[in-house]
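**Student:** Single-letter residue listing:
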Amino acid sequence: MEFFERFAVPHPSPAIYASMVAIGLTVIAILAGLTYFKKWGYLWREWLTTVDHKRIGIMYLISALLMLFRGGADAIMMRAQLAVPENQLLDAQHYNEIFTTHGVVMIIFMAMPFIMGLMNFVVPLQIGARDVAFPRLNALSFWLFFMGAMLFNISFVVGGSPDAGWTSYFPLAGTEFSESVGSNYFMIAIQIAGLGTLMTGINFITTILKMRAPGMTLMKMPMFTWSALITNAIIVFAFPVLTVLLAMGTMDRLFATNFFTTDNGGMDMLWANLFWVWGHPEVYILVLPAFGVYSEVISTFARRNLYGYKSMVASMVIISLLSFLVWAHHFFTMGQGALANSIFSITTMAIAVPTGVKIFNWLLTLWKGKIVITTPMLYSILFIPLFTIGGVTGVMLGMSAADYQYHNTMFLVAHFHMVIIPGVVFAMLAGLTYWWPKMFGFMLNEKIGKSAAWTIAISTLVAFMPMFFSGLDGQARRMYTYSESTGFGIWNMISFIGAAGLAIGFALIVYNVYYSVRYSPRNISADPWDARTLEWATHSPVPEYNFANVPQIDSIETFWDSKKKGHIMFKGDYEKIHMPNNSGMPFIMSCIFFAWGFSFVFAMWIPLIITTIGILVCMALRSFEKDHGHYISVEEIEETETKLRGAK
Amino acid sequence: MKFKWTLLSAIFTIAMMLTGCEPLTVLDPKGPQAERQANDIILSAGIMMFIVLVVFGLLAFMLIKYRASKQSKDYEPPHIEGNVIVEAICVGIPVLIVAFLSFVSVQSNYIVEATPKGYEDKEPLVVYASSSNWKWHFSYPEEDIETVNYLYIPTDRPLEFKLYSYGPITSFWIPQLGGQKYAMADMVNTLHLAADVPGEFMGRNANFSGKGFAENTFNVTAMPEDEFDDWVKEVKETAKPLTEEKFNELLEPGHLGQMTFTGTHLEFLPPPEGENGGHNHGSTDSDSHEEHSDSENSEEEHTNHSHH
Numbered sequence: 000m001e002f003f004e005r006f007a008v009p010h011p012s013p014a015i016y017a018s019m020v021a022i023g024l025t026v027i028a029i030l031a032g033l034t035y036f037k038k039w040g041y042l043w044r045e046w047l048t049t050v051d052h053k054r055i056g057i058m059y060l061i062s063a064l065l066m067l068f069r070g071g072a073d074a075i076m077m078r079a080q081l082a083v084p085e086n087q088l089l090d091a092q093h094y095n096e097i098f099t100t101h102g103v104v105m106i107i108f109m110a111m112p113f114i115m116g117l118m119n120f121v122v123p124l125q126i127g128a129r130d131v132a133f134p135r136l137n138a139l140s141f142w143l144f145f146m147g148a149m150l151f152n153i154s155f156v157v158g159g160s161p162d163a164g165w166t167s168y169f170p171l172a173g174t175e176f177s178e179s180v181g182s183n184y185f186m187i188a189i190q191i192a193g194l195g196t197l198m199t200g201i202n203f204i205t206t207i208l209k210m211r212a213p214g215m216t217l218m219k220m221p222m223f224t225w226s227a228l229i230t231n232a233i234i235v236f237a238f239p240v241l242t243v244l245l246a247m248g249t250m251d252r253l254f255a256t257n258f259f260t261t262d263n264g265g266m267d268m269l270w271a272n273l274f275w276v277w278g279h280p281e282v283y284i285l286v287l288p289a290f291g292v293y294s295e296v297i298s299t300f301a302r303r304n305l306y307g308y309k310s311m312v313a314s315m316v317i318i319s320l321l322s323f324l325v326w327a328h329h330f331f332t333m334g335q336g337a338l339a340n341s342i343f344s345i346t347t348m349a350i351a352v353p354t355g356v357k358i359f360n361w362l363l364t365l366w367k368g369k370i371v372i373t374t375p376m377l378y379s380i381l382f383i384p385l386f387t388i389g390g391v392t393g394v395m396l397g398m399s400a401a402d403y404q405y406h407n408t409m410f411l412v413a414h415f416h417m418v419i420i421p422g423v424v425f426a427m428l429a430g431l432t433y434w435w436p437k438m439f440g441f442m443l444n445e446k447i448g449k450s451a452a453w454t455i456a457i458s459t460l461v462a463f464m465p466m467f468f469s470g471l472d473g474q475a476r477r478m479y480t481y482s483e484s485t486g487f488g489i490w491n492m493i494s495f496i497g498a499a500g501l502a503i504g505f506a507l508i509v510y511n512v513y514y515s516v517r518y519s520p521r522n523i524s525a526d527p528w529d530a531r532t533l534e535w536a537t538h539s540p541v542p543e544y545n546f547a548n549v550p551q552i553d554s555i556e557t558f559w560d561s562k563k564k565g566h567i568m569f570k571g572d573y574e575k576i577h578m579p580n581n582s583g584m585p586f587i588m589s590c591i592f593f594a595w596g597f598s599f600v601f602a603m604w605i606p607l608i609i610t611t612i613g614i615l616v617c618m619a620l621r622s623f624e625k626d627h628g629h630y631i632s633v634e635e636i637e638e639t640e641t642k643l644r645g646a647k
Numbered sequence: 000m001k002f003k004w005t006l007l008s009a010i011f012t013i014a015m016m017l018t019g020c021e022p023l024t025v026l027d028p029k030g031p032q033a034e035r036q037a038n039d040i041i042l043s044a045g046i047m048m049f050i051v052l053v054v055f056g057l058l059a060f061m062l063i064k065y066r067a068s069k070q071s072k073d074y075e076p077p078h079i080e081g082n083v084i085v086e087a088i089c090v091g092i093p094v095l096i097v098a099f100l101s102f103v104s105v106q107s108n109y110i111v112e113a114t115p116k117g118y119e120d121k122e123p124l125v126v127y128a129s130s131s132n133w134k135w136h137f138s139y140p141e142e143d144i145e146t147v148n149y150l151y152i153p154t155d156r157p158l159e160f161k162l163y164s165y166g167p168i169t170s171f172w173i174p175q176l177g178g179q180k181y182a183m184a185d186m187v188n189t190l191h192l193a194a195d196v197p198g199e200f201m202g203r204n205a206n207f208s209g210k211g212f213a214e215n216t217f218n219v220t221a222m223p224e225d226e227f228d229d230w231v232k233e234v235k236e237t238a239k240p241l242t243e244e245k246f247n248e249l250l251e252p253g254h255l256g257q258m259t260f261t262g263t264h265l266e267f268l269p270p271p272e273g274e275n276g277g278h279n280h281g282s283t284d285s286d287s288h289e290e291h292s293d294s295e296n297s298e299e300e301h302t303n304h305s306h307h
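One line per chain: the protein sequences are A and W, in this order.
Its first residue numbered 0, the first sequence is counted upward by one per residue in numbering that gives the first Met the number 0.
Its first residue numbered 0, the second sequence is counted upward by one per residue in numbering that gives the first Met the number 0.
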């Protein structure tokens, strides 16, 4: 019995028991449904074993949306708990677990897969490639991310969730103060997902550098691809720090080392420093692809080329460098003295300059344009003012002496939500709506889409603006309750209303998907937005091989030129196309990784050794495997092309 | 423009609420450090408000002027690469603003990290403030007394808080007197504050430290120096002495009310500074090295240095 006790949740509540039942029933329903409709073979052949960047991208997006709702449910519970003083809805322990998982899920398992999904789907199309450089590695990246996310998500029903905040600062997250397995989940699940991300970084850098269509020089790449290139470069530099950090944290928790403990020479702020050496670049990993999406969308719907292409690229490069030089602004209050604080204060505020350049370039892209407000454009237009509020408060936080007052307060919470929601979430929703027809061959409803965008934007203001004030009034973040005499009640009630509004906004998006799947016309053209970049030159949905002929590039906006100036992009006859084979190995190996992670979390050494061997065997098998891919014959291409053209 | 008015009215409403309510704690300073910080906040908020308005204005202008519905059907937007002068302005103005704010920021850093202005010639009152889950212990070495969860301080005298923690990282914060600083297990941080006027202030741990974090607060009472001296005298006459056993009991996780003792825990449980520090790094003053005494401690310090 003792063996099984470790899997019990240390602080159970009716909500958790209800979740257990709900999860159980959902799993049974999915398994039964797959069996009943005989979809196991389809699922295995078309999705679980796929190496197609488009399908992997779609799987990332589905995971991201699921995690958005998981993280959103956490957020609603938090705001409900704080809506009135001395609320009894949640106790301290549950509140701590919920804000921890909210942060981790939203950053690592929602925002990251969202950008990964869009990059996967869009980048190879934008550069005229048939797939990414290492398609099988790409599948492994996705499945590692997915298994990491699943491992993290089962924590609240098996063994207990982490409760030390998404930053998981030691010594609080150490065994001394966090006895449950929650923080083990944090260390292992993020480690597994992080390995996937690191592989993606390498994969996409290679893809973008080596697989561009003929004629597409670096300075002729679409802006989203540029942002993807720079993001992946940041990933390759930043994620190894996270890997090492999580390994050290795991060793402290499971092997009694003393990197971050309170005694035996442990340094508690070492964790914080390393965490933010990864964590701050991570912010730019999230926001740069978002900037890429905005650049595409704004230029498309202003019906103009992007203003200041070169300065856009330069500003992203500068941001990527500065992002590694600001980490200490997350703890100006550590006591590192006036000199260190001054240096980090200046580097932090300096980031406002390249970011400002981008804002002005977008504004100047609108200038002399012919602006059409579609749903993606509406998100982009709403992004500019909201993100500016988030951005300038970031400059305020960069004033290190004043930060002694902002630090750890709701002011900070307001700031990063005003940056990440307009900066990342709006962009992902804009991107999803924008590329949706390319993915599925029909458009999302514009009317519902726009009302969702308005609801989300206004609710964001209602939810987060009050926090600037409650923060300045002395409300620390991460407090599970407060007394009436503090006067924080009104601000938090307004925030709760905003959070409820956000929930309605996201529900509208779900409704829009349902509505559009049922009613949206399927006879749309390959270029429904009258866009400018290469992905719109192929069919919707995109055939397996992306482009029947490799496009010939001679300007930044070759596709636009082909529409307006009669430039011919596709020359010559069809030739047989070489494509990679599907493989079950990434999925199987990631399943073993899941078991490996679970064994690690619960310190079950024998299963851990067995699964470790399993992972090594998978790698060995792969290295001895001969797989030269397959060819798509000219006849097959002709058949597909005729069919797709007919569908227009 | 529907959305512009939405935004403007949102900001307006918030501004109205701000002026209608009592002043926000951080913007209602009662000491020189908090005042400097409040000034920085208001200054930067003002400049930022201006930038926000410029961006809003430009955006509104572009959207109103260049909407497709306002233009003829056959209007083709021109191809514009960029313009060096325009882009130089887009870089130049932010650079000037950031340079100005950097100047203020650096100046403020040195001000908040030093004895408060106007208090330089007065003897500072040193208080060792240590946190344990989820309490604050205040030791007054000069007065030889110790309190739990409440702080009495004299006005018109600089205060030097020596911060450390028996557990997770906490952050010592009295918003109306000045910003916060971390208290950690392996080193002692110094926070310079001063209270200009008598009054009652809220103090708390601002850094999340586990289950009891929300209630990890303390009351601060500032009073004229003679009243403070009377209080010290009274404590010495009435309070019980703090024994090692009692202090270990206090360190147990949980919440406690306000308590008062004679003597301090510094005598039997020295703070992690100097030779007792985890690493001897950070901003602890160098003269603490003079206190090196027994061989056991210097040996410990030797092993600690290997971490560097």
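Treat the hints loosely; a few may be bogus.
Claimed, not checked - With a straight-line cut-off of 20 Å between C-alpha atoms, the simulated PhoX-like cross-links for lysine-lysine are:
no.	chain 1	residue 1	chain 2	residue 2
1	A	K564	W	K245
2	W	K235	A	K562
3	W	K235	W	K245
4	A	K369	W	K235
5	W	K72	A	K563
6	A	K642	A	K564
Don't read these hints as lab results, they were simulated from the structure.
Keep in mind it's a predicted model, so treat the numbers as computed, not measured.
**Student:** Run the distance test for A:K369 versus W:K235: straight-line Cα separation, threshold 20 Å.
**Tutor:** Not OK: A:K369 and W:K235 at ~80 Å, beyond 20 Å, violated.
**Student:** For a C-alpha distance cap of 20 Å, please report whether W:K235 and W:K245 respect it.
**Tutor:** The hint holds at about 17 Å.
**Student:** Holds or violated: W:K235 with A:K562, Cα cutoff 20 Å?
**Tutor:** violated, 90 Å
**Student:** Can the restraint linking A:K642 and A:K564 be considered satisfied, given a maximum Cα separation of 20 Å?
**Tutor:** The hint is violated at about 28 Å.
**Student:** Holds or violated: A:K564 and W:K245, Cα atoms, limit 20 Å.
**Tutor:** Violated - the C-alpha atoms of W:K245 and A:K564 are around 87 Å apart, more than 20 Å.
**Student:** Can the restraint linking W:K72 and A:K563 be considered satisfied, given a maximum Cα separation of 20 Å?
**Tutor:** holds, 16 Å
This entry does not satisfy hints 1, 2, 4, 6, going by the numbered hints stated previously.
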